[in-house]
Amino acid sequence: MILDWLLPVLLLSVLALALAGAVRRVSLWRAGQPSPVNIISGLMAMPRRYLVDLHHVVERDKYMSNTHVATAGGFVLSLVLILLVHLFGIESKLLAWALLASSVLMFVGATFVYKRRKNPPSRLSKGPWMRLPKSLLVFSATFFIITLPAAGILPEGFGGWVLALILAAGVVWGLGEMVFGMTWGGPMKHAFAGALHLAFHRRPERFGGGRSTGLKPVDLDAPVLGVQKPTDFKWNQLLGFDACVQCGKCEAMCPAFAAGQPLNPKKLIQDMVIGLAGGTDAKFAGSPYPGIELGNAKGGPDSTITEGLVNPDTLWSCTTCRACVEECPMMIEHVDAIVDMRRFLTLEKGNTPGKGAEVLDNLIATDNPNGFEPGSRMNWAADQNLKVMSEVKEADVLFWVSDGAFDMRSQRILRAFVKLLKAANVDFAVLGDEERDSGDVARRLGDDATFQSLAKRNVAVMNQYRFKRIVTTDPHAFHVLKNEYGDFGGHYEVLHHTTFINELVKEGRIQLGAHKGGTVTYHDPCYLGRYNGEYESPRELLAALGIQVAEMERSGFRSRCCGGGGGAPITDIPGERRIADMRMEDANATGAELVAVGCQQCTAMLEGVVEPRPEVKDIAELVADVLVESAEPASRKRDELAVEVA
Amino acid sequence: MQPELNIVALVSVGQHPKSGRARRAEQDARAVELGLRLSGEKVQVLHAGDVAEESLRSYAGMGLKQLRVLQQSAGADASLALGDYLSEHQPDIVLTGVRAESGESSGMTPYLLAEKLGWPLVTRIADIAKIENGEAEILQALPRGQRRAIKVRLPFVASVDNAAEAPRQSAYGPGRRAQLEPLPWVEAADEVRASFDEAPARKRPKRLKMVKAKTAAERFKAATAKSQGGGGRIMKDEPPREQAQAIFDLLLEEGVLR
Amino acid sequence: MSDIIRRDPRAEWIARNRLHPLHAEMAAPVAETRGPSGLIRKNPHAVGFIGPNGIKRIDRMGGNSAAVGMRRGAKSAQQVELPLHKVESPDFYVVAVVDMVGGRLTGHDKDVLGQAHKLIRGAEGNGAVMAVVFGEHKEEAFDKAGVDRLLHLTGSEFDGYCPEQKVANLVEIEKQYQPRYWLFPDSINGGNELGCRLAARLGERPATQAWQVDRETSVCRGSGGLQDITRATPRLLLLAEECADQIDETRHEVLAVELDTRPSIINRLQDCGQVAVDPNSVSLAEAEFILSAGNGIRDWEQFHKAAEVLGATEGASRVAVDDGYMPRFRQVGATGTWVTARVYVAVGISGAVQHMQGIGQCDKVVAVNTDAGCDMVKRADLSVIGDSQKVLEQLIELARDYRQGGAENAA
Ligand SMILES: Cc1cc2nc3c(=O)[nH]c(=O)nc-3n(C[C@H](O)[C@H](O)[C@H](O)COP(=O)(O)OP(=O)(O)OC[C@H]3O[C@@H](n4cnc5c(N)ncnc54)[C@H](O)[C@@H]3O)c2cc1C
Ligand code: SF4
Ligand code: SF4
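Chains as they are written, first to last, in our numbering: chain A, -2 to 643; chain B, 98 to 355; chain C, 29 to 439.
Since the hints were derived computationally from the structure, they do not count as laboratory data.
Any given hint could be a false lead.
Here are the simulated PhoX-like pairs of lysine-lysine, each with C-alpha atoms no more than 25 Å apart in a straight line [said to hold, decoys possible]: (1) C:K392 - B:K115; (2) C:K146 - B:K303; (3) C:K203 - B:K213; (4) A:K453 - B:K115; (5) B:K303 - C:K172; (6) C:K418 - B:K333; (7) C:K146 - B:K300; (8) C:K392 - B:K333; (9) B:K303 - C:K392.
For reference, chain A alone in the conformation it holds in the complex (with noise of 0.2 Å):
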């Protein structure tokens, strides 16, 4: 019987050409950056990654997610017993039974992803993946009838010559895809770059319901500083890229791509694969980045990256959302990647588009983005009668007001909190002049120079006072401050104001009255929600003030974004659509007459949107809007006059 000494040697050569791939699959990541990880308890968390972590998120997707688990642990266990029945040749009928049973198991998980994908939505890729199926099929299809014999189900040497030739065929074509493509690339590459990225992780925090957002910092003394080619990444971010499914949530999710802005974070991570090893983009199958042709893609892992392989408008199209990240199966990190490569444009070759030239210039020189007078920060507050750090030194909340203090409209949202903070007695000082721009929009604009020099700076002039916490109404100053800031010695505890007026509605230091008016809806910010997994509070407090939040279809986790982040209303990369009238289309939806936001960014940009529109609000504002000012306060001003007049 052929198939007998056939089988064996059709394994150990297709093992034998897993081997060659995976060495030279290993070789190109390593021809990364270094990248410090623990190879062993990495690899010992994987299983625990996978099973766990990963499934989290597949998870939100039950179909895909039992189908995965029926194919893939039906694959795993078949190929285990494959190679003990058929490579090993142990004869037991167990084993045989066993093997049987998973390549059932996983016939039946792949009779699934054919289903899938007899009609799929677009933001799966074709092409190879639209074999996937097939190939599966094949594979548990042909092990299940060869093992039938060794089960004792059917003689030995059943059907002849045809069914052994078919037989034979369909373990050359199953083990190919299967074992031979997963190491030398196709469609099943995933599981073996999958496993390994799970384990060796840029950001192992993740694991294990942690969060990780905040952005690395970039050695600044580096001969090129940022991502100019492929090789430039650090090796396990490579491994990342390679780990990709292409199954396109993030595309899904994509702000930039929905308005038809020139980006796809599916293809942008296929690109930096084709960059890593070498080729073009002429294969790949699934939707293009918006407006820009398939095809003329070229890269190599020496070649720099943005003259060729990726239009430099793709990466500033993004806004750094994160929702790409956050839906993504394999966690990749699609923001590293861009403001890596962003970081090579701004520093190295001084082509930051739209206004982003001169933002950098008036950070550098006036610490604010829009090059207004550094000593007029305090001017909004000039009838506040606020605490200044430098003068009292110490107090319980420093109060970090942000940029919002040169704009008129933000100025009102400060304005609403301050009023809280005073009601309910909080001890709070503001650093006044001596604050300066957090940094945030200078580092996902890739100038991580500025964002250093800023964060040094504001670390420096913290350092010198005594505070328990930060609060702040920006989620963009609170995420750096939270989140990046360490890296510079500043280690804060820090609040969002939702967070902070929630907590002070709960101890009953601020009384409040109900929120009068129509429908609301809430939309979560980025750097609040997505960023910090802040999305309790805020809907806690609008709940306090008696309002039932009308949810739009996308919020929480998969909140969309305004547009208003990484810079991107600076670089402005025309689309077909504005990101945030996408956005107010999602609160019409709602019938909502106000959308409450917890974002001066998200105000400015929701507010863009031309009218008519629901009224957009901070949820300050609201609070501020109904709070009861208790006869305490006043009664002690009371008290105070007449000791003076005394």
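Given the coordinates of chain A, assemble chains B and C with the ligands onto it according to the supplied hints.
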């Protein structure tokens, strides 16, 4: 692009109008930009002052490999040193800004250099359209976007106006790595300048439109005239013709109709 | 106003005092003149004067008693001639080289002339203000602006842009007259350039952007306007606008003076003339007059037509750009261009903050909008509440009429 063109752009330390912080000066940066566009990386950028001055790096970040500094102390007269250097090196074109953003801001440097070198000076240029057979065709910036064409033979000095192409963004990395080459230079102290008394600018009161009322009637008219500043005039119910007429009158009065 | 006839003792006194510098003006018109044929003519109307009670009196004092002694309150006020300021055989000159934009003295020129007199007033000796004018001019009121002497240099060599020619002449003036001060308007209309060129030629260190000047010290703006430099007043000054009060209470002689040697030089700068710049190709940032379109425009043809006949540079709000009606480089605002126009006409633009950021430096803003409550109307100096289409239509007609049918003829 002319292959052998030898262009020197002179740069000073600028000052941000709001924060007063040192930066690359806007016009000088435009001079460098023009130089870069005319002769690529070969443009020579020259500063008289302190090689340790950080803001020079922001010129370097425009893509210069090297920047020469005639080493001088703060009180020295830069135009003398620059004049000596240029007479020695005899470039084809010397580009400067119109007025410095710091110090005396007199705008005399290009004039003094042209005088010293005996070269023609073209002021406030917006662009150099072409250079052919030793002759340059220059566009001079006139107020409000107008341009004048001027021809001049090399060598010459030109001061670059704000209307010239905006300078490219300065990139941090190349700026860091560029070589700032200090040249020790004989310096002449600027004694006149030393006698200056410098203080932050005082606000200049705007001259009031003085109505020299010769008669009581005129005085009365002046006193009752609607003040110009207080809010805009709103025309709501007039017919379109009248409204348009009001707009038209304003255009005439402002002299923007040509 | 009362028509009571009042006596003006000062005028009478001047009329009597033949040594007074203003005597000639205040004296009554001469009653006897020699006519063109050589005969003595009597002017009966000029004889005598109106007495305090309105009765005509014959003057027996040879014209030394003045009819101007009486003034008729309000009605005659306009006709009062300003006193003539005379400088005979000046001891020194203060030379003001004026810009003469469009052939007339500019406000800035008049400030400089005012400053010139300020430098003379109270100085020892007789100083005269000499204005230097190059080429043809249309100015008729040099006397009222304070010009004692006028050096008018004409000739084809002053046609077009010829700073080198002018400076060579100034150098001759320096030789011939040795002015005590050289004054220039520190302006982009030529004053700054000539002043600097002359300073470099003469080896003078000028005061630039000088805004408070007396004979001892000058206060100048330095550091790009951030600092005031106080320094000893040099011989050559480039004066800021409104440096001194303009002359408005005297008339001046405007005596012509000559330059003995006219230098001949070779111009190294060859003026090839002004380049025709289409207002719509002027960059937004430099444009002087912008007609800007927003979401309130329906008829885009009409809008373009309006911009064309008005000679305005086109601008747009972001919505107009997003909707594809205007190209991106026309966008005004935070993410577009920051404009500095003298007049900004916003048609159908609501005035969102991001748009307003871009027009912060505009002098005059005109709003055309259907909504009287919108932010643009709050900012505007003139707001027209109405449909943009109708207003533009009328505006186009007005502009056509103004250009005297130029548009029709061209068609
Ligand atoms: C980050 C960001 C950056 C932005 N940058 C810019 C920028 O640089 N520049 C910019 O312009 N915008 C910018 N915007 C957009 C800005 O917020 C506004 O959406 C935009 O300026 C509105 O344009 P508009 O006034 O033309 O439209 P609308 O707000 O729709 O206003 C139209 C106006 O026309 C009036 N109107 C309607 N019909 C008529 C009629 N028949 N006759 C007369 N009037 C009529 C209406 O009363 C209304 O006032 C930005 C927004 C964001 C969020
Ligand atoms: S961060 Fe947001 S905008 Fe950027 S690629 Fe991801 S989804 Fe798109
Ligand atoms: S990057 Fe992630 S979400 Fe996007 S296609 Fe790849 S695996 Fe899917």
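Hints and how they fare:
no.: 1; hint: C:K392 - B:K115; result: holds (24 Å)
no.: 2; hint: C:K146 - B:K303; result: holds (19 Å)
no.: 3; hint: C:K203 - B:K213; result: holds (21 Å)
no.: 4; hint: A:K453 - B:K115; result: holds (22 Å)
no.: 5; hint: B:K303 - C:K172; result: holds (23 Å)
no.: 6; hint: C:K418 - B:K333; result: holds (14 Å)
no.: 7; hint: C:K146 - B:K300; result: holds (22 Å)
no.: 8; hint: C:K392 - B:K333; result: holds (19 Å)
no.: 9; hint: B:K303 - C:K392; result: holds (17 Å)
This entry satisfies every hint, going by the numbered hints stated previously.
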